[in-house]
Structure formats: C-alpha cells, structure tokens
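Q: These are the residues of each chain, in order.
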Amino acid sequence: MDDVKPFIYPGDDGSKLKPGSRYENFIGGDWTKPKTGNYFENISPTSGKVICEIPRSNADDVNLALDAAHKAAPGWGKTGPAERSNILLKIADVIEQNAEKLSLAETLDNGKPIREPMAADIPLTVDHFRYFAGAIRAQEGTIGNIDGMQSGGGNSAQGMMAYHYPEPLGVVGQIIPWNFPILMAAWKLAPALAAGNAVVLKPAEQTPYSICVLMELIADLLPPGVVNVVQGYGVEAGKPLASSNRVKKIGFTGETTTGRLILQYASENLIPVTLELGGKSPNIFFKDIMNGGDEYLSRCVEGFLHAYFNQGEVCTCPSRAVVHEDIYEPFMEMVKKRVSVLNCGDPFDLNTQVGAQASSEQFDKIMSYLDVGKQEGASVIFGGEKRQMDGAYSNGYYVEPTAFKGDNSMRIFQEEIFGPVVSVTTFKDEAEAISIANDTLYGLGAGVWSKDANICYRMGRAIEAGRVWVNCYHSYPAHAAFGGYKNSGIGRETHKMMLNHYQQTKNVLVSYAEVPDGFF
Amino acid sequence: MIKRVLSTKKTDDLINELSKIHGLLVFHQSGGCCDGSSPMCFPRSEFRVGSRDIYLGNISSQPFFMSEDQFEYWKHTQLIIDVVDGKGGMFSLEGPTGKRFLTRSRVYEENEINELLKNPPQIASNLSNIEGLKTTVN
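In order, the protein sequence lines correspond to chains G and C.
Going by my numbering, the first sequence opens with residue 10, and the numbers climb by one from there.
Going by my numbering, the second sequence opens with residue 491, and the numbers climb by one from there.
Computed spacing ranges between beta-carbons, pair by pair: (1) A490/G / K499/C: 46 to 54 Å; (2) M491/C / P132/G: 55 to 63 Å; (3) P83/G / E507/C: 44 to 52 Å.
Computed list of chain G residues with no C-beta within reach of chain C, every gap over 10 Å: (4) Y48; (5) K296; (6) E304; (7) D416; (8) C481; (9) N516.
The calculated lysine to aspartate or glutamate pairs, modelled on EDC-like cross-linking and capped at a C-alpha distance of 16 Å, are: (10) K565/C / E602/C; (11) K565/C / E385/G; (12) K58/G / D575/C; (13) K495/G / D448/G; (14) K495/G / E558/C; (15) K383/G / E599/C; (16) K27/G / E62/G; (17) K500/C / D575/C; (18) K99/G / D229/G; (19) K495/G / D559/C; (20) K87/G / E176/G; (21) K565/C / E600/C; (22) K414/G / E334/G; (23) K493/C / E600/C; (24) K296/G / D335/G.
Treat the hints as calculated values from the structure; they're not laboratory data.
Note that the Cβ used here is the ideal one computed from N, Cα and C, for glycine as well.
Throw the hints in and build the complete structure from the sequences for me.
A: Take a look at the structure:
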C-alpha cells in the first residue's frame, strides 16, 4: 500500500471534502435553523481544530421535526415495499459513489483512521441499505387457517382465516452514538425506513458533522419529512425526543444509566424501546491454536489486535483477552511483535491503522482507566500512556495501544473502557474459560479461537452473549443478528428481524361463514 | 468513616452552578458503551433511582447511586468525581456547559476495605432522609 497517495485533511488545498462553516437541522426536507439561533463548535479529534458550527437545538426544534415526521408518516407508510426498496437502493448507490467524501467526513468528525471508513463503515452502510431494500421486498405477512377451532364459537370456525399484516409503527425516534456515526445511523435508518416509518434522528453531539454530509447527498431521494435530523446536546435535544409522547418507538445506542432513563420515559408513553448498551467482550484463545499452522496462528494474533480497531471505541471491542495458560508466553510474544509494527500515524493516511479517540472527554476517561488498572496491580504488557503526535495532529486525542495483565475481578476487566486497552488473563480449562467469559454484567460479543469444532460449538453455546465470533472477530455482515444478552440491551439489529422492532402486527380475523353462529 | 465517593473543588463548583438552575440533583454512575462509566447528573425529581441501587453517599449535598450489580465490581475503589472539558454525556445536565463530570478512582487499602465491610451501604428504597428522591418503588 506504500504507493497510495495519502488523503488530505478536509478543507486543505486539494482535499475532496470542504466542510461548510455552519450546518442546520434537516427538517421536512429543508435545512432549518434552530429556533434559538444557537450553535456550538464541532471539533475534530484528529487535530483539536474546529470543523464547523452545529445547531444547538431544543424541544421546539424536536417538535418541529416531529410535526414534519407526522405529516410524512401516513403517506410514507402506505407506499408499496417496492417503492421504499427502490429509494433505499438509490441511497445505497449515492453513498457508494461518494465513499471517499463520506470517509473523509467520518475520519474528520470521529478520528478513526481513513482506511476504516473506506474499508468498513461506508461499504457496510451501503450493504445495509441494500439488505433492508431486499428484506422488505421479500417480507410477507402470514395467513392462519382457524377452521375447526372451538374457541371461534359455533359455525364461525368454519371458514375462518387470520390474516397478519406487518404495518409500520408511524413516527420513531433514534439516538445515534459517536463511534460509527454514519454506520450506526444506517443500522437504525435502513430497517425503520424499509418498514415504512418516518424518523426523527438525533446524532451524537461529539460527531454531528458526517451525518450532515450524508443528508446533503441523499436529501433529494426521500419524500420531505421521512427523515429528520435534529442536532444538539443530549439533555437539550435528545431528551425531548426520547420522552416525547409523539414517537411510537425509540432506538438507542449508548450506556446503561441513559438506557434506564429512556425506558422510564417509554414506560410513561407505553412504547417499545430497542437498546444497545455495550459490553466487555471476552476473546478466548485455546491451546490448540499454536498447532494450527503459521497462517492460522497469524490470524489468531490478528484476532487479538481487533481490540485496536476503531481505537477500541466499539461496543464489542474484544477488551478481555482470555488466553490458555500454556500458550500465554509465546502467544503474547507474537501479539507484542505485531503491535510494535502497528502504524499509528496520520489518520488521513490510508496506511494508518490506529487513529484518534473521538473526543477530549473520551481521552480523559481512557486515561482514568489506565490509572485504575495500574492501581489495581495490573501489569502493563505494552502501551499504557498517552500517544503524542506531531505537527497538525499535536493537539489531537491519541492513546497508545495498550495491554494489561491482570485478573477478571479488576475493574479494567469489568468496565467498557472504550479505548485501545485490552485486559489479558489466563485460563486452565474450558470450564474456567466459560466462567471468566460469563463473569460480567454484559453479553454483547465474544470471540473463540480454536480448530477443535467441539470446543467451538460448546463455547459458542455456553457464552452468554448475543454474538459469538468463532475464528473471526469484528465482522458485521447484514443478515447476522446483532444485539445483547444481560445488561447489553434489548433487540437485534443488522438482521431482517429488526423489521419486527419497527413494525406492529395487524391481525384481520375473517369469517367466511354464511349462517348464524347460534349463540344468540 | 471512609467515604465511597468524593468530589473535587471543580466538581463542587459545577454542582453548585447546576443546582442553581435545576434545583435538587441526583447522580447515577453509568456503565457500558459510549458515554458509559460517566457519572450522570439529573434533576432529582426526574430520574427514578432503582429500588436496589446502592447509595454511595453525597457530593456537594447531592446523592450518588450505582446499580447493585455494578457495585459488586466497583466496591474496592473510592470514586473521585472530577470535572474535565468536553461535551456530550447524553442527558446529564452538565452537557451544555462545556464541562463533563469524570469518575476517577482510588483503590482502597486493605484496612479501609475491612472498615467498609463493617458499614455496608444502603439500598435506595431504604433511604428516607433524602429530600425529593424518587425510586422505582417509593
């Protein structure tokens, strides 16, 4: 990849992306100023420099967006699946054609190295819209034959059919996290739109910019009011959306306390909620990997390093490595060697593998956990410090890829640091591996590395997590369900079953009887 | 008596600033992804504390809670609530101020842990002396 010309910092001469100085909310198909006229500065975590101004919206703006969504929802909900599907396919095409531009926006806004949105975030976004475009075309309601059921009463059971129609909920609210701003929006938008809902979407205030670039590209493809984006702080704009009695469902990705608060609001409005609240995913390496051949073993080492993907800011970050005690030394030597050659350079260089943390407060939080780990007596295997960059990036938020050796009772094994930090421990046998894997409040992801099919099967079933990767990690293909066990949340995304979370079932129960039931 | 949660001077100042606007406050330690591990600050009348949530004490006269299961993994550490520059924090009240509460920690010495074991913390539903506190059962 040495001959690849580096991308250029957006806004600099020759860059494919020129951020505007100010963006607005996207409401009813128009770019709309916040009613208060207030904005906040959006900072790039790569450089600490201002990207643009973003509306600091409040409940009035949320209500305006809800007005637009309610106006659009009845018509949108009645469109045929083919029409909605075709719009999603067009959205996918436009995103694909603008992959570089959107990737630059994502790196600028979030700090991730540019190769990640180019290889993962944007292609997965494209595929997600295509998947739900297909899924909605293939979706069918069901027909139940109720003939002969005594509960129908009298003759009505003769010729009685139950028709089940999937119908949209109406207007839904979605609160998007900052770790994959465009992809996480796509995970929620694609099924909601496919199912025929109108959406009010609140991006994270840490990463509000890239979704503006996305909306600029796809605005004309959607009827006005079908997708509305309201920017601002969580407490000022997210809370009025989550607590509104004008949404039929809230989709949220974030942390547990806010998840509880959103459920409290939902209980007042009696609406469903899907929550994705993170995890502390174990990545388990069995002894037999050492005999699997050089290429396979290299794959396993890579599996450990998946913890540094997106700087560890992934809900499923394999942040607990659980390694068989007999192979700990040689395996970790290989990990250390691989980490030592990681490219942690310019986030806009396609060769760079680890970029900036998404915000200053996230950086501070990670540093506080590095401190906790050291206090708890965990030993630093490598890293453990701030990473100082030079030149234009000297004020960005960078952390060294880090691994601690410790035990599972330590807080660094129990809390989602959301940074490039792996806590490593060892196990003696399969039972202990399962015990360590499940000794956590969360259950989102897990990895199992072994060539023994029976070990893989047993571990896959025994780990209490919604996604167990076997001999792979961090793959997020559409059509594989993603969601949490335990405190990690409610609901399953990235699969057609997510349609169910954005639909309600209409049952029309029809009798074809032509004589009285005889009850009265 | 050893405290389970402390605040810095910057934190006290920010709490005073927020309480002037929002009145009585309550803190709840979050977990999980994104803004997880952040202490969340809400109007006390709005957030219903879980009935079995653990009461860690007060900072600047405002009560601080954590879920029972999370406390099991955190109880060997004293929490020091600090303030850093930043934004976000979901529905936490300090978001728009450009400041964020941040949980720092200190691992207790063995003698401190022994003393803490003699004084187990209370669960929220057993508290009767916190003005305006709402739990999910009372």
